[in-house]
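Chemist: Sequence:
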Amino acid sequence: MSERTEVILEGTFQQNDQGRFVALPFDVPPHIGRVDVHLEFSDKTGTEPWETEGNALDIGIFDPRENDDPRKGFRGWSGSARMDFSIDGDTATPGYISGPIQQGTWHILLGLFKIWHKGCDYKLTITLTHDVPNNTPAEFPIQLPLRTEAKREASATGWYKGDLHCHSFHSDGDSDPINVVKEAERLGLDFLAVTDHNTLSHQVALNTIDTEVMLIPGVEITTFSGHWNIWGDFDWIDFRVDSAEKMDATIQEANRRGYLTSCNHPRPNGPAWKFENVESFNCIEVWNSPWLIEHNHHCLSFWETRLNQGKRFVAVGGSDNHELKNAAESHLGQATTYIYCDGEISPARLLQALRAGHAFVTCAPDGPQIYLLSGTAMMGDSILRPSNNQLKLQIEVLRGDGGQLEVCTAKGVSESILITGNQTKLELEVDIKDTSYVRVQLRRLEDNSMLVLSNPIYLDD
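Numbering (our numbering), first residue to last: 4 to 464.
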């Protein structure tokens, strides 16, 4: 049996420590082949906003390379989803990255999400297992890249549907990434972004999956002040932000690296986006999970408020599915985002098209579809404002029978039309005085819930 060394780190946090990140160092001697970590703490509670009596801690780990570059030193994060993990040269607990166990100072990172008035006693037990001699040195695994080609033929229509926000058991989901991909295949999705919280290990698993579903690398950057998605060919993004200034700088850095960024579920218990004036992101997740269950009218208002100020953000949607096995409310593909990408297709080109706003969001993979044109301009495009402030629109609604079509501007709903039939084409002329955009949406009459909504066509003066 291999020799083991045990390291104990323990202490107490007080309520005024809440919201901090604490890095706890421990030394790893030469010839260690495995690290096991166990965290226990007092008065454990859940992470939901209404769970107020008790403590909630998050956990992750960095290796010695953090001293030179935190992006390289990051070895995993499980938030509050699990309190035990292990890393060795070939395998790691979901959420963590296998590879060499380097000699030097490692750090356990604790996120103090909730610390109640009684304080929080914690104990970390770190077990270091000495290496068995091996002629093959450990290597770091390869993550899913942002691919520039696809294993599928291009669509004749140029439209592709998928889910931009879901989770696996590499963070707080219940399923292996391969099962999430299989469900996407069953639903007929063309693309999928698995966006686990603050970690990269799911991208390692996704890189091994053979599928025609176009896999878009993604992570949900999960902070104590709001969540945001990044999509692209990336490395680790530091989620340890404690101010609006740091949040803004971090998102801007992600944008500079070429990632597409999105403010996620900006609504009460979303959790909410606490830094109202931070708007560096490219997209807003207007639709997260089924419309009524998750109070998406707050997200819609968040987006519309900014549109009405003349700002331009791409509306996106995703299921935020966590429970693939027992999904009682939010299923994969609820909501589904459609993206228009003409010509050759790949995950990289899909993100380019999404950045341009060539997209709409619908309630499900087989939900209603809505297409908005003004001449050759489509949703996401900008056109010169007509001198008479009258804009001609061409609208097509599929599978929308019984829904109420609404044409929306900065002044509110300018046209409201009952749709009859499952393929409806309309030509309208709308007043665009005092608005910088026009968009369309379809609501269910019975409960006023959203069925499908488009990105705007923007007006340039």
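Certain hints may be false.
[Stated by the list, open to error] As a list, the in silico EDC-like pairs of lysine to aspartate or glutamate whose alpha-carbon atoms are at most 20 Å apart:
{"#": "1", "residue 1": "K328", "residue 2": "D345"}
{"#": "2", "residue 1": "K314", "residue 2": "E430"}
{"#": "3", "residue 1": "K395", "residue 2": "D437"}
{"#": "4", "residue 1": "K185", "residue 2": "D369"}
{"#": "5", "residue 1": "K154", "residue 2": "D345"}
{"#": "6", "residue 1": "K154", "residue 2": "D20"}
{"#": "7", "residue 1": "K328", "residue 2": "D175"}
{"#": "8", "residue 1": "K414", "residue 2": "D464"}
{"#": "9", "residue 1": "K185", "residue 2": "E142"}
{"#": "10", "residue 1": "K75", "residue 2": "E248"}
{"#": "11", "residue 1": "K436", "residue 2": "E399"}
{"#": "12", "residue 1": "K154", "residue 2": "D437"}
{"#": "13", "residue 1": "K277", "residue 2": "D20"}
{"#": "14", "residue 1": "K436", "residue 2": "D238"}
{"#": "15", "residue 1": "K428", "residue 2": "D450"}
{"#": "16", "residue 1": "K395", "residue 2": "E430"}
{"#": "17", "residue 1": "K395", "residue 2": "D434"}
{"#": "18", "residue 1": "K277", "residue 2": "E54"}
{"#": "19", "residue 1": "K47", "residue 2": "D134"}
{"#": "20", "residue 1": "K249", "residue 2": "D238"}
{"#": "21", "residue 1": "K126", "residue 2": "D238"}
{"#": "22", "residue 1": "K121", "residue 2": "D20"}
It should be emphasised that the hints constitute simulated quantities derived from the structure, not laboratory data.
Chemist: Determine for every hint whether it applies to the structure shown.
Modeler: So, going through the hints one by one against the coordinates:
Between K328 and D345 the CA atoms are separated by roughly 35 Å; this puts the pair beyond 20 Å, and the hint is violated. About 27 Å separates the Cα atoms of K314 and E430, which puts this hinted pair outside 20 Å; it is violated. Restraint check: the Cα-Cα separation between K395 and D437 comes to about 16 Å, which is no more than 20 Å; the hinted pair holds. A distance of roughly 17 Å separates the Cα atoms of K185 and D369; the hinted pair therefore holds under the 20 Å criterion.
Between K154 and D345, the direct Cα distance comes to roughly 16 Å. Compliance with the 20 Å bound is thereby established for this hinted pair. Taking the CA atoms of K154 and D20, the gap is near 50 Å; set against the 20 Å cutoff, the hint is violated. For the hint linking K328 to D175, the alpha-carbon distance of about 13 Å falls within 20 Å, and the restraint holds. Our distance criterion of 20 Å between C-alpha atoms is met by K414 and D464, whose separation comes to about 17 Å.
Between K185 and E142, the direct Cα distance comes to roughly 28 Å. Violation of the 20 Å bound is thereby established for this hinted pair. Restraint check: the Cα-Cα separation between K75 and E248 comes to about 24 Å, which exceeds 20 Å; the hinted pair is violated. For the hint linking K436 to E399, the alpha-carbon distance of about 24 Å lies beyond 20 Å, and the restraint is violated. About 46 Å separates the Cα atoms of K154 and D437, which puts this hinted pair outside 20 Å; it is violated.
Taken as a hint, the K277 and D20 pair is honoured in the structure, with Cα atoms around 19 Å apart against an allowance of 20 Å. Between K436 and D238 the CA atoms are separated by roughly 45 Å; this puts the pair beyond 20 Å, and the hint is violated. Restraint check for K428 and D450: not satisfied, since their Cα atoms lie roughly 25 Å apart, outside the 20 Å limit. For the hint linking K395 to E430, the alpha-carbon distance of about 7 Å falls within 20 Å, and the restraint holds.
Only pairs whose Cα atoms come within 20 Å are accepted, and K395 paired with D434 is accepted, the gap being roughly 9 Å. A distance of roughly 19 Å separates the Cα atoms of K277 and E54; the hinted pair therefore holds under the 20 Å criterion. The straight-line distance between the Cα atoms of K47 and D134 is roughly 35 Å, outside the 20 Å bound, and the hint therefore fails. This hinted pair checks out: K249 and D238 have alpha carbons roughly 19 Å apart, not beyond 20 Å.
Note on K126 and D238: the hinted pairing is violated, with a Cα-Cα distance of about 31 Å set against a maximum of 20 Å. Taking the CA atoms of K121 and D20, the gap is near 12 Å; set against the 20 Å cutoff, the hint holds.
Hint compliance for this structure: hints 1, 2, 6, 9, 10, 11, 12, 14, 15, 19 and 21 are not met, and every other hint is.
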